[in-house]
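Produce the complete structure using the sequences and hints provided.
There are 2 protein chains.
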Amino acid sequence: MAAKPYHHGDLERALLDAAIDVVRSDGIAALSLRDLTKAVGVTPSAAYRHFPSRDHVIAAVAMLSREDLARHMLAARDAVPARGSAQRRSVARFEAIGHAYVEFAVAHPTVFEAAFTACPVQLERTEDPRAWEVLTAAIDEMTLAGAIPAARRQDAPIIAWAGVHGLANILTGAAVPPGIDVDGQIAAVVKGIYRSIS
Amino acid sequence: MAAKPYHHGDLERALLDAAIDVVRSDGIAALSLRDLTKAVGVTPSAAYRHFPSRDHVIAAVAMLSREDLARHMLAARDAVPARGSAQRRSVARFEAIGHAYVEFAVAHPTVFEAAFTACPVQLERTEDPRAWEVLTAAIDEMTLAGAIPAARRQDAPIIAWAGVHGLANILTGAAVPPGIDVDGQIAAVVKGIYRSIS
DNA sequence: GGATAATGTGAACACCGTACACATGCGCGG
DNA sequence: CCGCGCATGTGTACGGTGTTCACATTATCC
Numbered sequence: 001m002a003a004k005p006y007h008h009g010d011l012e013r014a015l016l017d018a019a020i021d022v023v024r025s026d027g028i029a030a031l032s033l034r035d036l037t038k039a040v041g042v043t044p045s046a047a048y049r050h051f052p053s054r055d056h057v058i059a060a061v062a063m064l065s066r067e068d069l070a071r072h073m074l075a076a077r078d079a080v081p082a083r084g085s086a087q088r089r090s091v092a093r094f095e096a097i098g099h100a101y102v103e104f105a106v107a108h109p110t111v112f113e114a115a116f117t118a119c120p121v122q123l124e125r126t127e128d129p130r131a132w133e134v135l136t137a138a139i140d141e142m143t144l145a146g147a148i149p150a151a152r153r154q155d156a157p158i159i160a161w162a163g164v165h166g167l168a169n170i171l172t173g174a175a176v177p178p179g180i181d182v183d184g185q186i187a188a189v190v191k192g193i194y195r196s197i198s
Numbered sequence: 199m200a201a202k203p204y205h206h207g208d209l210e211r212a213l214l215d216a217a218i219d220v221v222r223s224d225g226i227a228a229l230s231l232r233d234l235t236k237a238v239g240v241t242p243s244a245a246y247r248h249f250p251s252r253d254h255v256i257a258a259v260a261m262l263s264r265e266d267l268a269r270h271m272l273a274a275r276d277a278v279p280a281r282g283s284a285q286r287r288s289v290a291r292f293e294a295i296g297h298a299y300v301e302f303a304v305a306h307p308t309v310f311e312a313a314f315t316a317c318p319v320q321l322e323r324t325e326d327p328r329a330w331e332v333l334t335a336a337i338d339e340m341t342l343a344g345a346i347p348a349a350r351r352q353d354a355p356i357i358a359w360a361g362v363h364g365l366a367n368i369l370t371g372a373a374v375p376p377g378i379d380v381d382g383q384i385a386a387v388v389k390g391i392y393r394s395i396s
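Line order of the protein sequences matches chains A and B. 1 is the number of the first residue of the first sequence in the working numbering; add one for each residue after it. 199 is the number of the first residue of the second sequence in the working numbering; add one for each residue after it.
What the hints contain is simulated information worked out from the structure, not anything from laboratory work. Positions of the beta carbon are idealized from the N, C-alpha and C atoms, including for glycine. A few of these clues could be false.
[Stated by the list, open to error] Short derived list, chain A residues pointing at chain B, Cβ under 7 Å:
(1) Gly146
(2) Ile158
(3) Gly163
Structure below.
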């Protein structure tokens, strides 16, 4: 069993896994370096061999969360059946992405919060999927398929991004309006987005 | 000068003022009870005579920040000139509200963040203006003036709210897309919102 | 195999939120 | 006018936090 080797093997990965668990169950605010290192079975100071500060591990789990969200969007997009005209299909794929974005936030509010937490530390970007690019790609697809006029193409990304991001924040936040029907709101906003860019 | 009276007079108000200053300059995360009480010239424990916990202070400044935002929206709405048809005027007032929402967030990002911070403590609502109601009132105004069809009235609030709230979050957050022209983005989103509900 | 870099330990510091017993002074009933 | 009660502020303490630094241990490479 090797009992307890002095060196952990892959402490960085283990700390990030533990951090993701904490975020999933208790939110990003509950993330404590001492808890993380204790969960992994290591001394608090050991974390500093892999992360310069707590903010850096927060930034790391934020990036992982964003990638998680982007993967959900891609999966939803690729799950729409390849039926109908290219135009209708491009719209269906776009709307699937929008639904996935908000549904991910509703299903995993703490992860979504962590994904867009404002952290003082900035990490260099990775090669992994990013929500923004998934969205713009879907809009390009619609433009090519003739589902939206070329004149709207420029403003479409920010309009779509703002709509789904705003709804996600509203539905996961404390300032949720008196409306209750979550799925209805999502459908209304996604439809509204398409109407405003088409 | 009365030197230092044992009793402060209005500690609660003084603490909240100090808290708002901290939020304005360093964000809600930097808010510390010890700093607040030190700034006011009082012992840390004194704060607990007025707030059950730090979270309650945060909830209070969050509410104040939301009221601040709502006041900006009202001011912008009431500043639009009373010219043109009632229909055009209702649209102008609506768009002014949208612009004010996002511009407030861009101008005071830390206050905006504080306004919608997810805090575990919930405060009972006050009589003060709330952004949601300002927005729905503007939409009702447009409906009555015939600026938007009655069929769209039901979904209009969530669509508008999601759009401006999302854009505000995007422009103030770390995950800002490569686009730079802030005013252009605001105009595009506000116009897009009106297009999608009209 | 021995130097050297990488990694984990232990103790310490400063700070934080919070609790509790105590000091102080305002305001109201006599 | 007095004095008592209650609201308010003080002092001290506890447990928890991020972070640092000297030191111990192990992996790696010449």
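Check your understanding: Which hint numbers doesn't this structure obey?
Key -> Structure breaks hint 1 only.
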